[in-house]
Amino acid sequence: MSDLRVKLCGVELKNPVIPASGAFGFGREFNDIYDISVLGAVATKGLTLEPRLGNPVPRIAESRGVILNAVGLQNPGVERFIGQDLTWLKGKTRVIANVAGREVGDYGEICARLDGLVDFIELNISCPNVKCGGMALGIRPENVENVTRVAKSALKTTPLIVKLSPNVENIAVNARAAEQGGADCVSLVNTFTGMAIDIETRRPVLANNTGGVSGAGIKPIAVRMVYEVSRAVKLPVIGMGGITCAEDAIEFLMAGATAVQVGTQNFTDALACPKIIAGMEQWCASHGVERVSDLVGAAKMNS
Amino acid sequence: MCELTATVLENKLIAEEIYSLTFACEEAVKVRAGQFVMVGVDGFPLRRPIAVCKAEGERITVCYRLKGEGTRRLASRYSRGEKISVLLPLGNGYYVSETEKRVALVGGGVGVFPLISAIREYADTKEIYAYMGFRNKAALCMQYEMQRGKELVIATDDGSAGYHGTSVQAFMENFERVKPDVVLSCGPTPMLRALKNAMTGRDIPTYVSLEERMGCGLGACLVCVCSLTNGQHARVCKDGPVFEIGEVAL
Chain A
1 MSDLRVKLCG VELKNPVIPA SGAFGFGREF NDIYDISVLG AVATKGLTLE
51 PRLGNPVPRI AESRGVILNA VGLQNPGVER FIGQDLTWLK GKTRVIANVA
101 GREVGDYGEI CARLDGLVDF IELNISCPNV KCGGMALGIR PENVENVTRV
151 AKSALKTTPL IVKLSPNVEN IAVNARAAEQ GGADCVSLVN TFTGMAIDIE
201 TRRPVLANNT GGVSGAGIKP IAVRMVYEVS RAVKLPVIGM GGITCAEDAI
251 EFLMAGATAV QVGTQNFTDA LACPKIIAGM EQWCASHGVE RVSDLVGAAK
301 MNS
Chain B
1 MCELTATVLE NKLIAEEIYS LTFACEEAVK VRAGQFVMVG VDGFPLRRPI
51 AVCKAEGERI TVCYRLKGEG TRRLASRYSR GEKISVLLPL GNGYYVSETE
101 KRVALVGGGV GVFPLISAIR EYADTKEIYA YMGFRNKAAL CMQYEMQRGK
151 ELVIATDDGS AGYHGTSVQA FMENFERVKP DVVLSCGPTP MLRALKNAMT
201 GRDIPTYVSL EERMGCGLGA CLVCVCSLTN GQHARVCKDG PVFEIGEVAL
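These protein sequence lines are chains A and B, in that order.
Taken in order, the first sequence gives residues 1 to 303; the numbers are from this note's numbering.
Taken in order, the second sequence gives residues 1 to 250; the numbers are from this note's numbering.
Possibly wrong hints are sitting among the right ones.
What the hints assert, rightly or not - Pairs of lysine-lysine residues, derived as BS3-like cross-links and limited to a Cα-Cα distance of at most 30 Å, are as follows: (1) B:K196 with B:K137; (2) B:K83 with A:K275; (3) A:K275 with B:K238; (4) B:K196 with B:K179; (5) A:K90 with B:K137; (6) B:K54 with B:K238.
I should point out that these hints are in silico values taken from the structure, not numbers from a laboratory.
Bound-form chain A, shown alone (with noise of 0.2 Å):
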């Protein structure tokens, strides 16, 4: 039995798979199929002070090898969250809260509401899908390091993890952007921006013209981004993009990742992420590996 157990930012997950913020909504429905209390943790959906209703229908498409999604930060408001959601969520596993916000006081405030209920929060700064706010604040690397630090002053206890867009210019830059203000952690990747057209309607097939692009395609870049990242920072790096299975994971992990997030391949297949826990493990075992957390950074560059 190999040791799948990774520390975060002081805090342990029994294993590195997290579902990831948007494709697991709270974990209840998921929990009809299996029991959620196997993941090492869970990104909420994305929350705001408000309640939000999100964008107008159609919200996903398709293309080879990926999805774009525009759902807009649909939610039912920290308040309900902290009432129902969470109440239900909380001791199963970890919980890591995503926050977002449509101005910088936004994202204090809704920290300071979560504060020490949560494990962790995520600030979504990089939602490519809502018009203020999201990722507006995710681009330049001061309104990165200026929204972390408003979010950090107002946690005493839970720890910060940031997660980055890749649309920008250099991701490495804005990652230490992010530690510069005093993130705890960052996360990467956010979806891509990009469009599909309906060649028949000569229309976009996304009501909101443009989404994030996510799935298997966009793996490759992921990889050479958090490698960048993870080398870049001495925070710790939660990895994601285009996981599909045990081995997409651990090559994240050996790219410089403590932990990972599995998104789109919930919806191709809805026990992906235990899958994926059994295939590291068996991974690890069949190649003589006592500690996934030995796994992390272990690529070595070709000179």
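Chain A is already provided as a structure; the job is to place chain B on it using the hints.
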């Protein structure tokens, strides 16, 4: 609700651009009329949500229209004996109460298939009056299954078979005689809109099954929402796909 690998028993063309796929699960699955299945297509990240047409123990039949690359691949790639990934049974399904005896079904296009599951579920205990609309004679299929109720009217848009007109028109022409206690429907949005207008003020429970592009199929991702008349959003996959017609903005 379960995620499983099923075995394809049959996947064949039954009408113009319409395929019928039957697969066997390892054990019997209890499916309510109006529920659906997420069907995986090799090489495509998203599964296709398809209404159950027939559920007989471990054998499930779904019918789908060739619409894009995914459904074309589903039609060409899966033949008898192939393994197929499915998530089922999903959604709420139709609801007919004990006291509702006279059940009218109004379907159009691929919307007739979930109504076939309603005929199968209720034919022995209720009086079924079915109004099924097709584009033309070439699109007509599964008539045998639809005949199990008390009345069946086939309608075609071009009059090439049965009643010349829509299923909603056929239904409304027979409405006073049939006097349904409840109406179950499924079809394209313009059809459902026409039905909603026709049923306004009649005080008869009317249910519609909606279609939307889906992500997880379980209610977690909030991709497939529909607008409710109260301004809120509901998840088509989890809160639906069946809604009271007055509840949804069509």
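To see whether the hints hold, each was checked on the structure:
1. Of the supplied pair hints, the one linking B:K196 and B:K137 holds, its CA atoms being roughly 26 Å apart against a limit of 30 Å.
2. Restraint check: the Cα-Cα separation between B:K83 and A:K275 comes to about 18 Å, which is no more than 30 Å; the hinted pair holds.
3. Restraint check for A:K275 and B:K238: the C-alpha separation of about 24 Å stays at or below 30 Å, so the hint holds.
4. For the given pair, B:K196 sits about 16 Å from B:K179 by alpha-carbon distance, which is consistent with the 30 Å threshold.
5. Only pairs whose Cα atoms come within 30 Å are accepted, and A:K90 paired with B:K137 is rejected, the gap being roughly 57 Å.
6. Distance check on the hinted pair: B:K54 and B:K238 sit about 20 Å apart at the alpha-carbon level, within 30 Å; holds.
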